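These are the residues of each chain, in order.
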Amino acid sequence: MPYDTSLNFVFWSPTKIVFGENTALDVAIEVENLKCKKALVVTDRELAKNTDIPERIKKVLGNLCVGIFSDVEADSGIHIVNQGAKLGKELGADCIVSVGGGSAIDTAKGMAILLKEGGKLQDYVGFQILTRPQTPHIVIPTTAGTGSEVTYIAVIKDHEEGRKLLFGDYNILPNVAILDPKMTEGLPPRLTAATGMDAMCHAIEALHSLQKEPIADGMALHAIKLIKEFLPRAVQNGKDMLARGQMLIAANMAGAAFSNAQLGMVHALAHTVGAKFKVHHGLANSILLPPCLKYNADACGDVYLDVLSTLGVNIKRIRPEEAGSAVAEKIIEFTKKLGLPQRLREVGVPEEGLKECSELALSDGAIVYNPKFISESTEVLKIYQQAW
Amino acid sequence: MALSFPSIEWVEEFKKQINSSEGYKKAGATWTAGVVALVTSAKPEIGIKEDVGIWLDLHQGVCRDAKIVTAEDAQKAPFCITGDYARWKQVIKKELEPVKGMMQGKLKLKGDLPTIVRFVKASQELVECTTRIETKFLDE
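Chains as they are written, first to last, in our numbering: chain A, 1 to 388; chain B, 1 to 140.
Next up, chain B with everything else stripped away, as it sits in the complex (with noise of 0.2 Å):
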């Protein structure tokens, strides 16, 4: 069954499909630097009526925990990516690449870029979870 983005279950499943990812575990094994959150900015006329947060606790290739949480909570995380529905969609399509993203203000980045740089493989793979998961997208 589709799973409508963001939604609590689409993060549980995120979270699943990042825990049994052979490529990420590899990738973000050294990875320290905390919890990223990934924020879709409100769109009412799609449902979305308040800027919602994704927030990834990845520690050593492992996604410790994964929840919606609000805009606010999620400006507390060390690394705070923030984008329209119409960009986080085609980031889980693989139509945008995050970083470049970040670099051409289609995603922006609260935060040290060169932590993620160095990630930047693990940052790919988390992608590539993305696009295991049947998405419903809610402006189509």
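Chain A with its partners taken away, still in its complex shape (with noise of 0.2 Å):
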């Protein structure tokens, strides 16, 4: 994987990671070493309901916890970060746990803001803008997909004008990230699955975004071997703790690898079926993963080599321009026996919905960074076909 001399990046990764079962316990250790004294654990109403994580984190940090706001729902909105905001400032919480998968984590990032800054969170849409660092944040996924314990953006609708706002800005990344495997032990096969497919995707993306660079590198190749080792038997068997733990590293390491070289087309057609239809945004980029490899396949076979070597083919005998297509396969055989839909018509997205679609997505952030310099919503609709 070559580099020449106009190589030049920023690598940002400051999030202190806690790994190891039932490390989750030492959450009140991690909010006294931040010089906090009053967390609030925000986490999502699934979560809330159906498990009692929430409660036993809260139980954890006894004297440490205020309240937990547990009224966060996918895609979650600037309503609800208000929500939760007002309720923080009211028990003076001075630093914030999330439990959950992307929804909370995002939710807790514009919670941090607000409780910092103050003002509406539409004053902060934009990159790199806030000047000093935020509230403290712990993150324990529940998930082992998003990596949006070590990203820099956080994703909130706007549901009154029907719009995602961006925030992308290092003093959000979170302080604290434990990854504890007891923490997804309950995930169900068919969203460990999923969200195990959303890291694949992050890993692969790094490696072919234009912003791709060595250290992201080494991470997404280190993620890709062990997602194919354990995402299988993490969803067989839910209760294989090392299958779990090694999937929140290598849902982090992809999270850490695609914070800083970015994504591609990938995402930036997954994000916006999943905006318009609904559609699981792991499941979105497990179904389009393999016509956009086949797509990209000319701009960057040497970069789909390492991905088919990591995935463990013999590469001898397959020609760069060749890459693209065997790791499309390959992933669509390794979606297959993880019990994946392979198309977007099994997810509720009907064809008449794809033109506007394909416009839609020329407007996301992560095409920016495709190897291929995209422009024209009729080579986007071609791909949403082929994934039809």
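Treat the hints as calculated values from the structure; they're not laboratory data. Just so it is clear, the structure is predicted and the values come from calculations on it, not from any experiment. Treat each hint with caution, since some may be false.
[As the list claims (entries may be wrong)] Result set (DSS-like, lysine-lysine): computed pairs, CA atoms no more than 30 Å apart in a straight line:
(1) LYS16(A) / LYS116(A)
(2) LYS106(B) / LYS16(A)
(3) LYS355(A) / LYS25(B)
(4) LYS164(A) / LYS16(B)
(5) LYS94(B) / LYS76(B)
(6) LYS89(B) / LYS382(A)
(7) LYS93(B) / LYS164(A)
(8) LYS49(B) / LYS382(A)
(9) LYS89(B) / LYS372(A)
(10) LYS182(A) / LYS355(A)
(11) LYS76(B) / LYS89(A)
(12) LYS26(B) / LYS106(B)
(13) LYS116(A) / LYS121(B)
(14) LYS26(B) / LYS16(B)
(15) LYS49(B) / LYS15(B)
(16) LYS89(B) / LYS121(B)
(17) LYS106(B) / LYS372(A)
(18) LYS25(B) / LYS164(A)
(19) LYS121(B) / LYS294(A)
(20) LYS225(A) / LYS100(B)
(21) LYS120(A) / LYS106(B)
(22) LYS120(A) / LYS35(A)
(23) LYS294(A) / LYS25(B)
(24) LYS26(B) / LYS116(A)
(25) LYS100(B) / LYS120(A)
(26) LYS316(A) / LYS336(A)
(27) LYS106(B) / LYS93(B)
(28) LYS15(B) / LYS100(B)
(29) LYS26(B) / LYS355(A)
(30) LYS121(B) / LYS164(A)
(31) LYS228(A) / LYS182(A)
(32) LYS355(A) / LYS100(B)
(33) LYS37(A) / LYS86(A)
(34) LYS372(A) / LYS76(B)
(35) LYS89(B) / LYS86(A)
(36) LYS49(B) / LYS164(A)
(37) LYS164(A) / LYS372(A)
(38) LYS116(A) / LYS15(B)
(39) LYS336(A) / LYS239(A)
Make one complex out of these two single chains by using the hints.
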């Protein structure tokens, strides 16, 4: 994977990682390490309703916990962030412990801004405009996929305006991520598979991104290796703690990789069908990855050879220009074994919706870093049609 | 004659270059999202005593107005991009791609990134326009 003398990059990943079974029990220590005394637990409704995880975290925090905010829902919105921040202010919270998947973590990132800066969340839409560290934030992921515990991005929906607001700032990177395999133990097989494929897409997209760089490459390739080996095991047996743990590590490494190297068209297309037709993000990525790999095949064959090799394929007789298709076939084989759907039509996307999606996808930030420049919606439409 | 960056003369030349650019005219033809302000942070040692804003009123492939404004006024634009002198110099010299700069924290964007992304080609054409200006950098 050669680089030339034009290589220049910034790698920024300051989040402290704590890994191990039952490390969630150390959350109080981490709160104290941050010199905080009043933690607000932020979690989503489903987790609060169907598990005792948020209550367990509250119990472990003891006197350090001022309350639980459990109104987060999928596609979290400004109104939810505002409600959470209002509660946090009333309770005098000086740090946030988010427990959940991407929505809970992103909501907490938005709350961290409002608790520190005040004002309206809309005032902070943009990139790198915050000038100081925000409210301390500890993340305990309950899925292994988003990597949001180590990314500087938060996506929060403005439901009134019907659009997603993007916040990108090194100052919203969580301070601590506690990766406790026990926290993902109860995740159902299909969600385990879909979130795991989200991590796989993060890793592959970080590798083919125009902003790829060696540190992120190393993390992404190792993430792929772990996902290949441990995702099927975690899907087959949710109580396989080794597999659960390795998947948390893989998702975390892929998250750090893409937070620095950025993503590409798979995510641009997946975000759009997700927003329009509520397709689970991991599933959308999983379905769209193969046709996007084929589209990009002539632009980054060497990268895809590395991916193939990491997936355990003997690449001696594969030419670079064939590698994209070969990875695509390998991914299809892998996701079939995981029992995931293969077509957009199987996950509720109507054929007549593809045209609008193909136009909207061109406005997604991820598309800027795709290895092949894409500016025509007709090209995007062809890829959607292949995936449909 | 080389024009100092930033200066009123440089900004006027920038407007001329934008309006004579076929590339920008095409790439920015559907831009209706409003003013883009570019703010250079103060650097007293080279003569920039306070933050300087460049106000670009861009609309459908045309630059309707370009002027120097205060940083405070620049913040009122729907899109405000802020950077140190050295970063803007890198942009003008095509050593730093603006969207990449925003992602990496080298430039700060106040505003909606997806809108900028939709017009990434137009932003590249604007950078092309700056390269056609004979620029005198104050730190050289």
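For each hint, the structure was consulted:
The hinted pair formed by LYS16(A) and LYS116(A) meets the criterion: a straight-line CA distance of about 21 Å does not exceed 30 Å. Between LYS106(B) and LYS16(A) the alpha-carbon distance is near 24 Å, which keeps this suggested pair within the 30 Å criterion. At roughly 26 Å between alpha-carbon atoms, LYS355(A) and LYS25(B) fall within 30 Å of each other, so this suggested pair holds. A distance of roughly 36 Å separates the Cα atoms of LYS164(A) and LYS16(B); the hinted pair therefore is violated under the 30 Å criterion.
Proposed proximity of LYS94(B) and LYS76(B) is supported: the alpha carbons are some 27 Å apart, at most 30 Å. Note on LYS89(B) and LYS382(A): the hinted pairing is violated, with a Cα-Cα distance of about 40 Å set against a maximum of 30 Å. Simply put, LYS93(B) and LYS164(A) have alpha-carbon atoms about 34 Å apart, too far for the 30 Å limit, and the pair is violated. A threshold of 30 Å between alpha carbons decides the hint, and for LYS49(B) with LYS382(A) the separation of about 53 Å lies outside it, so the pair is violated.
The straight-line distance between the Cα atoms of LYS89(B) and LYS372(A) is roughly 27 Å, inside the 30 Å bound, and the hint therefore holds. With a C-alpha separation of about 42 Å, the suggested pair LYS182(A) and LYS355(A) falls outside the 30 Å cut-off, and the hint is violated. For the proposed pair LYS76(B) and LYS89(A), the alpha carbon gap of about 29 Å is at most 30 Å, so the pair holds. Taking the CA atoms of LYS26(B) and LYS106(B), the gap is near 28 Å; set against the 30 Å cutoff, the hint holds.
In summary, the hint linking LYS116(A) to LYS121(B) is not supported, as the alpha carbons are separated by about 36 Å, beyond the 30 Å threshold. The straight-line distance between the Cα atoms of LYS26(B) and LYS16(B) is roughly 16 Å, inside the 30 Å bound, and the hint therefore holds. With a C-alpha separation of about 24 Å, the suggested pairing of LYS49(B) with LYS15(B) holds against the 30 Å cut-off. Only pairs whose Cα atoms come within 30 Å are accepted, and LYS89(B) paired with LYS121(B) is accepted, the gap being roughly 20 Å.
Simply put, LYS106(B) and LYS372(A) have alpha-carbon atoms about 24 Å apart, close enough for the 30 Å limit, and the pair holds. The hinted pair formed by LYS25(B) and LYS164(A) meets the criterion: a straight-line CA distance of about 29 Å does not exceed 30 Å. Among the hinted pairs, LYS121(B) with LYS294(A) is consistent with the structure: their alpha-carbon atoms are about 24 Å apart, no more than 30 Å. Of the supplied pair hints, the one linking LYS225(A) and LYS100(B) holds, its CA atoms being roughly 29 Å apart against a limit of 30 Å.
For the suggested pair LYS120(A) and LYS106(B), the alpha carbons sit about 25 Å apart, so the restraint of at most 30 Å is met. Under the criterion of a C-alpha separation no larger than 30 Å, the hint pairing LYS120(A) with LYS35(A) is consistent with the structure, at around 27 Å. Among the hinted pairs, LYS294(A) with LYS25(B) is inconsistent with the structure: their alpha-carbon atoms are about 33 Å apart, more than 30 Å. Under the criterion of a C-alpha separation no larger than 30 Å, the hint pairing LYS26(B) with LYS116(A) is inconsistent with the structure, at around 43 Å.
For the given pair, LYS100(B) sits about 27 Å from LYS120(A) by alpha-carbon distance, which is consistent with the 30 Å threshold. Proximity of LYS316(A) to LYS336(A) is assessed by CA-CA distance (about 26 Å); at most 30 Å being required, the pair is judged to hold. Restraint check: the Cα-Cα separation between LYS106(B) and LYS93(B) comes to about 15 Å, which is no more than 30 Å; the hinted pair holds. Only pairs whose Cα atoms come within 30 Å are accepted, and LYS15(B) paired with LYS100(B) is accepted, the gap being roughly 24 Å.
Annotation: proposed proximity of LYS26(B) to LYS355(A) holds, straight-line Cα distance about 23 Å (limit 30 Å). Pair hint LYS121(B) plus LYS164(A) holds up; C-alpha atoms about 22 Å apart against a cutoff of 30 Å. A hinted pair counts as satisfied when its Cα atoms are at most 30 Å apart, and LYS228(A) with LYS182(A) qualifies at roughly 21 Å. Among the hinted pairs, LYS355(A) with LYS100(B) is consistent with the structure: their alpha-carbon atoms are about 28 Å apart, no more than 30 Å.
Only pairs whose Cα atoms come within 30 Å are accepted, and LYS37(A) paired with LYS86(A) is accepted, the gap being roughly 18 Å. Pair hint LYS372(A) plus LYS76(B) does not hold up; C-alpha atoms about 35 Å apart against a cutoff of 30 Å. For the proposed pair LYS89(B) and LYS86(A), the alpha carbon gap of about 43 Å is over 30 Å, so the pair is violated. Among the hinted pairs, LYS49(B) with LYS164(A) is inconsistent with the structure: their alpha-carbon atoms are about 38 Å apart, more than 30 Å.
For the hint linking LYS164(A) to LYS372(A), the alpha-carbon distance of about 25 Å falls within 30 Å, and the restraint holds. About 40 Å separates the Cα atoms of LYS116(A) and LYS15(B), which puts this hinted pair outside 30 Å; it is violated. Between LYS336(A) and LYS239(A) the alpha-carbon distance is near 22 Å, which keeps this suggested pair within the 30 Å criterion.
The structure is inconsistent with the numbered hints 4, 6, 7, 8, 10, 13, 23, 24, 34, 35, 36 and 38, although it conforms to all the rest.
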